[in-house]
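Respectively, the protein sequence lines represent chains A and B.
Each position in the first sequence, counted from 1, maps to that position plus 3 in this note's numbering.
Each position in the second sequence, counted from 1, maps to that position plus 2 in this note's numbering.
FYI, nobody ran anything at the bench for these hints, they're computed from the structure.
Heads up, some of the hints might be wrong.
[Stated by the list, open to error] Residues from chain B shown here face chain A by an in silico Cβ test under 8 Å; the list is partial: (1) Leu160; (2) Leu184; (3) Trp291; (4) Ala293; (5) Pro308; (6) Arg378; (7) Arg379.
[What the hints assert, rightly or not] Covered by chain B, per the in silico footprint, the following chain A stretches (three or more residues, Cβ under 8 Å): (8) 91 to 105; (9) 149 to 157; (10) 187 to 193; (11) 357 to 371; (12) 417 to 430.
A virtual CB, placed ideally from N, CA and C, is assigned to each residue, including glycine.
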Amino acid sequence: MSAKTLDEPARRFEELLGPGSVITDPVRLRTYECDGLTHHRATPGVVVLPESAEQIAAVVRICNEYGLPFVARGAGTGLSGGALPRTDGVLVVTSKMRRILSVDVPNRRATVEPGVTNLAITEAVRDLGYYYAPDPSSQQVCTIGGNVAENSGGAHCLKYGFTVNHVVGLEIVTPDGDIVELADVDSGYDLLGTFVGSEGTLGIATKVVVRLSRLPETVTTLLAAFEDIERGGRAVSAIIGGGIVPAAIEMMDALAVEAAEAAVACAYPEGAGAVLIVELDGPAEEVAHQFGEVTRICRENGAFEIRVADDPVERAAIWRGRKSAFAAVGRISPAYIVQDGVVPRTALPEVLARIDGLSREYGIRVANVFHAGDGNLHPLVLFDDAEPGAGERAEIVSGRILDLCIEHGGSITGEHGVGVDKSRYMPKMFSDDDLDTMQLVRCAFDPRGLSNPGKIFPTPRLCGEVPGVRKGVHPLVESGQAEHF
Amino acid sequence: MEALHETGVTVHPATPDRTVGGVLPRWVALPESTDEVAALMRVSAAHDLAVVPAGGGTKLGWGDPPERCDLLIDTRRLLLGNGSTVEHSAGDLVARVSAGLALDVLDSTLSRFGQELALDGVPRTGTVGGMLATAVAGPRRFRYGTARDLLIGITVVLADGTIASSGGNVVKNVAGYDLGKLFTGSYGTLGVITEAVFRLHPIPADRRWITVERVSQAGAGHGTAALVTELAAALAEPSAIELDRPDPLGAPTLSALVEGVAAGSRAETLRRLMDGYGSALITAEAPAWWAVPPGADVLLELRVPPAAAHLALRAVAARGLPARVRGSVASAVLRVALPADVGEAAFAGFVTGLRDDLRELGGGLTVLTAPPEIARRVDRWGPSGALPLMRRIKERFDPDRRMSPGRFAGGI
Chain A
4 MSAKTLDEPA
14 RRFEELLGPG
24 SVITDPVRLR
34 TYECDGLTHH
44 RATPGVVVLP
54 ESAEQIAAVV
64 RICNEYGLPF
74 VARGAGTGLS
84 GGALPRTDGV
94 LVVTSKMRRI
104 LSVDVPNRRA
114 TVEPGVTNLA
124 ITEAVRDLGY
134 YYAPDPSSQQ
144 VCTIGGNVAE
154 NSGGAHCLKY
164 GFTVNHVVGL
174 EIVTPDGDIV
184 ELADVDSGYD
194 LLGTFVGSEG
204 TLGIATKVVV
214 RLSRLPETVT
224 TLLAAFEDIE
234 RGGRAVSAII
244 GGGIVPAAIE
254 MMDALAVEAA
264 EAAVACAYPE
274 GAGAVLIVEL
284 DGPAEEVAHQ
294 FGEVTRICRE
304 NGAFEIRVAD
314 DPVERAAIWR
324 GRKSAFAAVG
334 RISPAYIVQD
344 GVVPRTALPE
354 VLARIDGLSR
364 EYGIRVANVF
374 HAGDGNLHPL
384 VLFDDAEPGA
394 GERAEIVSGR
404 ILDLCIEHGG
414 SITGEHGVGV
424 DKSRYMPKMF
434 SDDDLDTMQL
444 VRCAFDPRGL
454 SNPGKIFPTP
464 RLCGEVPGVR
474 KGVHPLVESG
484 QAEHF
Chain B
3 MEALHETGVT
13 VHPATPDRTV
23 GGVLPRWVAL
33 PESTDEVAAL
43 MRVSAAHDLA
53 VVPAGGGTKL
63 GWGDPPERCD
73 LLIDTRRLLL
83 GNGSTVEHSA
93 GDLVARVSAG
103 LALDVLDSTL
113 SRFGQELALD
123 GVPRTGTVGG
133 MLATAVAGPR
143 RFRYGTARDL
153 LIGITVVLAD
163 GTIASSGGNV
173 VKNVAGYDLG
183 KLFTGSYGTL
193 GVITEAVFRL
203 HPIPADRRWI
213 TVERVSQAGA
223 GHGTAALVTE
233 LAAALAEPSA
243 IELDRPDPLG
253 APTLSALVEG
263 VAAGSRAETL
273 RRLMDGYGSA
283 LITAEAPAWW
293 AVPPGADVLL
303 ELRVPPAAAH
313 LALRAVAARG
323 LPARVRGSVA
333 SAVLRVALPA
343 DVGEAAFAGF
353 VTGLRDDLRE
363 LGGGLTVLTA
373 PPEIARRVDR
383 WGPSGALPLM
393 RRIKERFDPD
403 RRMSPGRFAG
413 GI
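Okay, chain A solo, but in the shape it has when bound (with noise of 0.2 Å):
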């Protein structure tokens, strides 16, 4: 579609929601060509910014009129590509939408915009003795509409789940223009869970009811210094061997320990081959004896350092250096791929090695920083772009990690999403039955293919029409309920 056949639809736009919320300068559409996955880019075919679900309802009934692809957009955070634009098409970003509606605290929930950061919420309720679970390392930016749609998790998620465990409405609008409300005490099909984790392409979020949870009454983190990732490995194992739960176990390997020294001078064990953090909280009680579980657990295992933190300033210090590790690597490499894979916890220490084997086959170096308690691998995979065939080189390893995964039952995304980056993996973890099975529930919500088109899954293929023999008229239609199908 060439850009003057979105004269009409941005005008439309321009009457809609006032000039200044339409974006159609190509200078300033450039913003916003690429979310956190870089090197996917597509200059959007206009940009608005609505400030209300009855906008963006009305926006997308305009696309819906002349056949429009739109993607909404948050803070652009995405490792996946999921806000990845289209040229022909209309990106619809929520950042006017940063309003906390309620804070509801006898209820434990708050209700919020989807431009409404992570964070924010979190602040919003910590002086009440509440939080917001789900943690992504971007939450100081990453809004709670992108959220929703990759069902982020984030280093806490091992003991409290994702994103899809802690919201508990959501109103969205349909591809269709349609405004729905979602909750969990309605009855029917689980549709809020369906929708949160669909990449967008099942409608957009304009509010979202989130559960907040206590502050525990203790946080303990620990670090401990192994001179190998094997040791370090087999002290996880033992310790959700023995039947604890922490908040969190992260572990890193001795190239991103160093690459998060050059970055932020987090002073972690010299000679570490690998670190290991554990944060344990919950009744102090529990959370002591877990404690003495956990260091002895580790020390058994080879751990020739721990610290500990019991307040939230040693807490940061200790934090700092995994908190940074992604753009850490910068420091020591001058581009890098950002993998998510996930492997059973218990077959880390042979896919590590294999990581380590085609590392060396290759000639790339491998960082490898990790949410060991739940096999979330985040290989960051290191090259030099100005070395000729080193970019494509560091691809294949990237790639070969996550057939690594799909090998040993896992999966090719913990929590970045599939969006663009990933499509052509997904017939690798799934069959075809499996894949149009997922379009059955796309075409439900989106028969036209316009909300979000292009992520997620390889071909799509047209919903059509409803597929089946009809047999005489429909038990809904003649009792009224419904009108057609």
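Given chain A, work out where chain B should sit, using these hints.
Chain B only, in chain A's frame:
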């Protein structure tokens, strides 16, 4: 029927004990694998047979009666691909389970490794598939969530015989749509669940219940509300907070469960808190009514925002029927049992009136089970703004309406 027998699956005529909401199927099939279910579904599609999946039959009377039922698919002989009923990866705290497996068998398999599927309040003679299809959950939902929160992978057979899976064997996984969410609580209207993969938990080291009988009420329902709020926010972190009110005019009993390390001293903390509302007792065993439905014949489920639970209790009492209320008061999911002889008109008035009251509170009501003769005039499910979307999903998954037709919300 010849075509059904040609699948090689054991099929026999249905006996009167296999009725579904009063509807007698023509045949019962006992498939032993997902492939056999698929073969049955293909034959059913070719011959326009209406199908109802069933497990232990503990909740087969729930939901509306099916409009028709030709074939009952009994899942209890189903095996996984490797010929077993459970693939337990103890080190990963994950288990793949056949949908036909009885929960008590699963419990004993997992407990040998000190692990459990943290879902209570479900009859243990019932199957995994039945539990998922009805989305039943019990007291520990307050800490662990419900089936949809613990389910990490699912395999289903659709109306046309297509076998589909989503999720997988790992807890953390966001690849593709989560069909498990869609099928959990779908009452057999989208397909047959044949396998499920669950996240497991370590069995807590210790447990204590702290119970106050006849919570003192400073103003009707007020004492209960205050105590529930305090318990839900308690730093001793109870796993469950349950209420039982046998008589609409009486004061309720409240009981909280503390699990894990130091359960004894944490229970003591809660006892001190609860003592202000009556005489609190700590026990190592659950109260007799714990996780038991308040009735079997006429059973409703009320759901409201947590802080409105006491208002829901008041609304039930105001309806003037001898309603027993029990359930997860901190999550505000309560069950209401009425006598079997409540009568059609009284039942309809109760459901309609209470539903209106709950809507005012931001909640809803579902009739889980009630004999057809008294429930004829009521909508068992209640309204939902998302019904048009639900109908579109049904239409895509089962265009010919052969999967448990008419059993679900909005006549789905």
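- Status of the B:Ala293 interface restraint (C-beta, 8 Å, chain A): Violated: closest Cβ of chain A sits about 21 Å from B:Ala293, beyond 8 Å.
- Test coverage of the stretch 357 to 371 of chain A by chain B using CB-CB distances below 8 Å; three residues minimum. violated (count 0)
- Query: With a cut-off of 8 Å, does the beta carbon of B:Arg379 approach a beta carbon of chain A closely enough for the hint to hold?
  - Reply: Violated, about 15 Å.
- Classify the hint on B:Trp291 as holds or violated, based on whether any CB of chain A lies nearer than 8 Å to its CB. violated (24 Å)
- Message: Please check whether the stretch 417 to 430 of chain A has three or more residues whose CB lies within less than 8 Å of a CB on chain B.
- Response: Answer holds; 7 residues pass the 8 Å Cβ test.
- Cβ contact check, 8 Å cutoff: the stretch 187 to 193 of chain A against chain B, three residues minimum: holds (count 7)
- Query: Is the shortest C-beta separation between B:Leu160 and chain A less than 8 Å?
  - Reply: holds (7 Å)
- Message: Just to be careful: measuring from the Cβ of B:Pro308 to every Cβ in chain A, is the smallest value less than 8 Å?
- Response: holds (5 Å)
- Query: How does the coverage statement for the stretch 149 to 157 of chain A fare against chain B, requiring three or more residues with Cβ below 8 Å from a Cβ of that chain?
  - Reply: holds (count 3)
- Message: Please check whether B:Leu184 passes as an interface residue: C-beta within 8 Å of a C-beta belonging to chain A.
- Response: With a minimum Cβ separation of about 5 Å from chain A (threshold 8 Å), the hint on B:Leu184 holds.
- Task: Closer than 8 Å, Cβ to Cβ, for at least three residues: run that test on the stretch 91 to 105 of chain A against chain B and report holds or violated.
- Result: That given contact is violated, which follows from only 0 residues of the stretch 91 to 105 of chain A lying within Cβ reach (below 8 Å) of chain B.
- Query: Can the hint on B:Arg378 be confirmed by a CB-to-CB distance to chain A that is less than 8 Å?
  - Reply: violated (15 Å)
Figure legend: structure checked against the earlier numbered hints; hints not met, in rising order: 3, 4, 6, 7, 8 and 11.
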